[in-house]
Every structure is written in structure tokens, then in C-alpha cells.
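Novice: Each chain, letter by letter, is given below.
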Amino acid sequence: MQIKVKLFATLQKGRFDEKMFNLVDNTTVRDVLHIIGVDEKDASIIFINNRHQTLDTVLKDGDILSIFPSIGGG
Amino acid sequence: MGKILRINMGSEGGPTIVEEPLGNYAGLGGRGLTSAIVSKEVPPQCHPLSAENKLVIAPGLLSGTAGAMSGRLSVGCKSPLTGTIKEANSGGQPSQVLARLGYAAIVLEGKPKTDDLYKVIIKNDGVKIEKDNSLKMLPNYDLVERMKSQYGDKIACISIGPAGEMRLAAASVACTDTELRPTRHAGRGGVGAVMGSKQVKVIVLDDTGTKVRQPKDPEKFKDANKRFVEGLQKHPVTGQGLPAYGTNVLTNIINEAGAYPTYNFKQGNFAGASKISGETLAELEVKRGGVATHGCHRGCVIRCSGIFHDKDGKYLTKQPEYETVWAHGGNCGIDDLDAIAMIDFWDDNYGLDTIEMGATIAVAMEAGLAKFGDANAAIQLIHEVGKGTYLGKILGSGAAVTAKVFGIERAPVVKGQSMPAYDPRAVQGIGVTYATSTMGADHTAGYAIASNILKIGGHVDPLSPEGQIELSRNLQIATAAIDSTGMCLFIAFALLDQPETFQALIDMLNAFYGLNLTADSVTELGKSILKMEREFNMKAGFTKEHDRLPRYFYTEPIAPHNVVFKVKDEDLDKVFNW
Ligand code: SF4
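These protein sequences, in sequence, are chains A and B. The first sequence begins at 1 in the numbering used here and counts up one residue at a time. The second sequence begins at 1001 in the numbering used here and counts up one residue at a time.
Honestly, I wouldn't trust all of these hints.
What the hints assert, rightly or not - Partner residues are not named here, just some residues of chain B that face chain A (Cβ under 10 Å, in silico): (1) 1236; (2) 1250; (3) 1323; (4) 1516.
Stated by the list, open to error - Taking lysine-lysine and the DSSO-like style, the derived pairs with C-alpha atoms no more than 30 Å apart in a straight line are: (5) 1371/B - 1455/B; (6) 60/A - 13/A; (7) 41/A - 1220/B; (8) 1566/B - 19/A; (9) 6/A - 1266/B; (10) 1148/B - 1136/B; (11) 60/A - 1266/B; (12) 1527/B - 1266/B; (13) 1544/B - 41/A; (14) 1234/B - 1220/B; (15) 1113/B - 6/A; (16) 13/A - 1234/B.
What the hints assert, rightly or not - Residues of chain B clear of chain A, computed beta-carbon distances all greater than 10 Å: (17) 1130; (18) 1153; (19) 1568.
Don't read these hints as lab results, they were simulated from the structure. Cβ atoms here follow ideal geometry from the backbone N, Cα and C, with glycine treated the same way.
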């Protein structure tokens, strides 16, 4: 299945901002972090298709996975 | 910092100056002091531009000390935009300088009987007030240059631009930054119009010859401040994210959350978000020789600000804040950082609230005055305001008035003040704050985004009405207290996650004043401020029916979540039942 992974803020450094991945069924967010080399504790906020998700969420074909470190502003 | 400086602009024969001890206001600072003076001394029914209103300018309890982050200034009055009590908060140098000069507050009272314009000069050896009609309609940058040439470069200025002089409801009060530029603003609620009604163009402050304010217990204060700073540096938001990317780091995440108000709150995603994000902005600033990490006042250790250069590498404006980038950017369909920075400069120069003006231009775009996405047209509309044309005066009166004049239903306002950069349908907690805040729609009053979106201080599902009342209530209480200390509200990100950093702040207050405050007394302080403000608003005619969002937020779902605002009215009425 195809999913798009988007990284933000400090997570972009030395990686990418947006990339397509071809993944096997039942891949979780945690698996993706392993593949792209992001430490679990640095993936503070996870969205799939605009909704908050967790490390254990299983991805589906066509999902957009967005990963943020801890950030704030206002 | 035990004195109040009262300037009666309406005295026979010209303005008079009186210095008083704090008296019954002892122990108050910042928002606590501005709201206490306004609620005690200003008739709630008065016209905000009348002689009966007062403009109160107050540093916080810890301003002027060696404590980090303590340089925020509160500007309070009855608001000409909302008709409620108002506290608008600004960074920049004036808070520290004013506190070191020994003032807990400046109160501008009355109103001149002639149309003369005045400047106030406050130095260690005294206060002077002078008529200076040559300053009329000077934009803020030109004004500050003029003051610099007259009073030297050791000054800090609190001023209004043409918008304030024209008493427009979107007018701000400008504060100079560490480079002596008028870039930091008490933006919200038209406080600049009240300063304009008092006919005070600028307050020039010079603290030469003064000292840092001394704590009762210097050793304890030093130790508490050290723990406080360590806490801020340790937290990823205050230690990394904000310094590196500024507040605009939010563009991407609010957009990903589907909560980024786009095209006048029509949808929750903006296709051009990444082009105007904090990541892109920081990269551009560095590339052009600007600065991506910069403090708006001396003593700030988070340093969320920056300096923006134009294409030729010349100074254009300070790093536009997230709210500004949203208001003039995505909300107007504009994805061009240079145009947004240009509008930021002109807002600062004319003395206008960037949030209100961005929301207003989006309403004007919906009304067909310009096309969404047309940056040049947006810049021209801001110039209309600065020039004071009839159209400009309508726009400068804010989003609610503009919508009314042009027959537009969708005015994203509460109590006449435009909402900032988070759609309350996709972030229900911030909707509770918008609806119930004593200030009109305001994000800082109870920043539910922290728990709804950023997972700071816990996580409350943004799309469900569950838990939002309690969240907003607790944040509104804590914020009122923090706004009294002179501390930048961004310390809250670390305080919410790290109890020991919150304790360090309490220890600073105790060591400085010789008090025994606890976390509970801080909560009590916050509650007492909100209570004063609510009482003022009730006497001014506000009822629970005013604590609501505009109807269309309850009836028109917003994409991508296709949700409406679902918090029940009877629950909104419970926010202040504690
Ligand atoms: S964190 Fe930002 S807004 Fe707060 S005091 Fe520092 S520079 Fe100013």
C-alpha cells in the first residue's frame, strides 16, 4: 500500500519534509518511525488524515501520516 | 515599583501629573492591576472614547527584576472594539524600563478640551508632558526615529500610529523592541484608540541611572530564577521549537489538524500552508541575513522572535507571528511571506492589530472588495486604513463593523472582536475560550490549543465537546495569574508539563516580595481577576447570551472534519462556576 509521510520542524533535519512509501499491510506508525529512523520519544504528535493517532495505529492505503516533535506557539 | 503615575489630560490649563502610592492596589501587577483600576475607577457604562475611560499601562509584578521572561506589559481600559474590559499584552522593552523607573502603573485619565497632541517623557529625575503637534499622524517608525533624535538611543517608547490618533477600534499601542523599533504591540481590543482619545502620541521612557529591582531575599530569588530558566531550557517547546521556528511553527500543525481557518473561516486546510510555515520562514530569514532566534525584550530566554529581511537583504519587519501570518496569509488565501511581512510592517507602522486587520480583510474579500489570494490588494486596503479614507476607517473598525457595512453574514467575532488562528469547530476547547473570555474572542485568554492539539498538559480530543469547559476554565484562571507577573505567557508550555518549573516561578515571587504564596494562592489570584472583569462586563450590559459563538459556527460544518461547534450553552454558562 502507498502512504505519504510528512515530517515537521526539527524532524525534517537530515531527513525529508514529504515522501511516499510503499508499505506492507498492517504497518503501524511505530514501524514507520523505525523505517525512517525517528526516535519514538521525538514523535510527540501524530496525525493521520488530520486526526490525532498513536504509535500503534495501523495504516491504510492512501493515508497521510504527519509527525511532529513537541512544539507550541500562539 | 510602588508608585502610580496619574496624568489627567483633561485638567483646566493643560495636563496635570500626580504621583501616588499604590495604596489599595498594593500587591497587584500587570493584568491584575489594570483590571483592578479599570473595574474600580471606570464607569462600566461609559463610552470607551470618553473622558471617563482610563488607559492603564502596567508592568508585571516581576518586571524590572533580574528574573527571566519578566518584561511583558499590560495595557487596560474599557475596549472600544468589544465594550468589555480589556487587557492587551505586549512584549518589548517598556515594561522593564517602566518598572525600573519605579512605576507600577501609568494611568491616562480625562481628555483634553483642545485637539492638541502630547508626548510624555519619563526619566529618573522626573516626568514631563509637552504639547507637540508636529507629531500628528506620524507612523510609528517615523515617530520613534524622531524621539531617538531628540532623546537619544537609550529610550524605550510606548506609542500610537495614525490608527490610534483616528481612534479606530483596531488600533494598537506600540512598544519598542531591543533594537528600538516599534514592533511589539498591545494589539487587541483597540487600546490604541483609547490612547488616541487621550491625545497622547507617545510615552518616552529612559531608565538611565536606575537599578535592577532588588528582591527581599536575593539568594533565594537567584536560585529560583536559575531553576526557572533551566526548566524553560529543558522543555522541548520553550527550549527548542520556539527559539528555532518562532510561533509560526504552528502553521503546519494547525493545518494538519484541519483547524486552520482559511478563506474567512470557510475551511480548515490551506493548500499554501507549507509556503508560509515557520520552517520556511526561519530558513528564509537566515538566508537573507536576518535573525531567526531573537528576544523581544532583554531577559527573554525563550527568544521566539526574529528579524525579517526583504529580498535585497534589508530590514523589513520583525519576524511575523503565527497569528499575523495566518490572519494576513491563509485566512486571506495569501501564501507569499514577503507580502505578509510587508503587511506586518504597515500594521506596526500605522499602529493596527494584525489579527483584527487580517480577519477584516478576509471579510472584505468575501464581500468582493478584493479577491482571495490577492496580496497587492490586501496591502492597498491596509494603506486605505493608514490614510484614513472612508473605506479605511470602516476597515480599521474591525471585522464585525466591516461585515455589517458590506452585508456579510460570516463575521468570525465574539463580542465584536475577531477570532484568531484556530477554528473553534475543529478545536472545541478554544471555542469555549472565545465564547466566554472576558476579552471577546481571544486565544491567549485560555490557550486550549495546548491540550487539544499540542498534547501539552495532557490531551483532550479537540473534536469532542467533552472536557472542554474544565480545560478552558483552568487555563483562563492560570492565564489571568501569569498575566499579572509580567511573565511571557509562553512559559506556560513548560509550566503545564513541569510542576517544578511552576514551583520555581512561585518561589521567585515569594523571594522577591517576601511572601508565602502557594499554587493555590496563584489560582485564587487568577480567579479574583476574572471575577473583577466579569463583574465589570455585567455592569456594562453583557449577559450569558453574549458568551456564545456566532450562529454559523453551530450550523455550518467545516471541512475536513465536517464538524460544528457542539459545546452546549448551559455548559458554557458553567465556565465561571468554580
Ligand atoms: S518568548 Fe517571544 S514573545 Fe515571549 S518574551 Fe520572548 S521573544 Fe517575547
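Novice: Does each hint hold? Answer for all of them.
Specialist: Status of the hints after comparison with the structure:
1. 1236: This interface hint holds because 4 Å falls under the 10 Å limit.
2. 1250: 4 Å, holds
3. 1323: Interface hint status for residue 1323/B: holds (8 Å vs cutoff 10 Å).
4. 1516: 31 Å, violated
5. 1371/B - 1455/B: 37 Å, violated
6. 60/A - 13/A: Roughly 27 Å between the alpha carbons, so the hint for residue 60/A and residue 13/A holds.
7. 41/A - 1220/B: Not OK: residue 41/A and residue 1220/B at ~35 Å, beyond 30 Å, violated.
8. 1566/B - 19/A: At roughly 36 Å apart (the allowed maximum being 30 Å), residue 19/A and residue 1566/B break the hint.
9. 6/A - 1266/B: 25 Å, holds
10. 1148/B - 1136/B: 17 Å, holds
11. 60/A - 1266/B: Given that 30 Å is the threshold and the Cα spacing comes to 28 Å, the pair holds.
12. 1527/B - 1266/B: Violated, at about 35 Å.
13. 1544/B - 41/A: Violated, because 43 Å separates the two Cα atoms, which is more than 30 Å.
14. 1234/B - 1220/B: 21 Å, holds
15. 1113/B - 6/A: Roughly 61 Å separates the two Cα atoms, so the pair is violated.
16. 13/A - 1234/B: 20 Å, holds
17. 1130: 38 Å, holds
18. 1153: Holds, since 31 Å exceeds 10 Å.
19. 1568: The claim holds: residue 1568/B sits with its nearest Cβ about 23 Å from chain A, beyond 10 Å.
Hints 4, 5, 7, 8, 12, 13, 15 from the earlier list are contradicted by this structure; the remaining hints agree with it.
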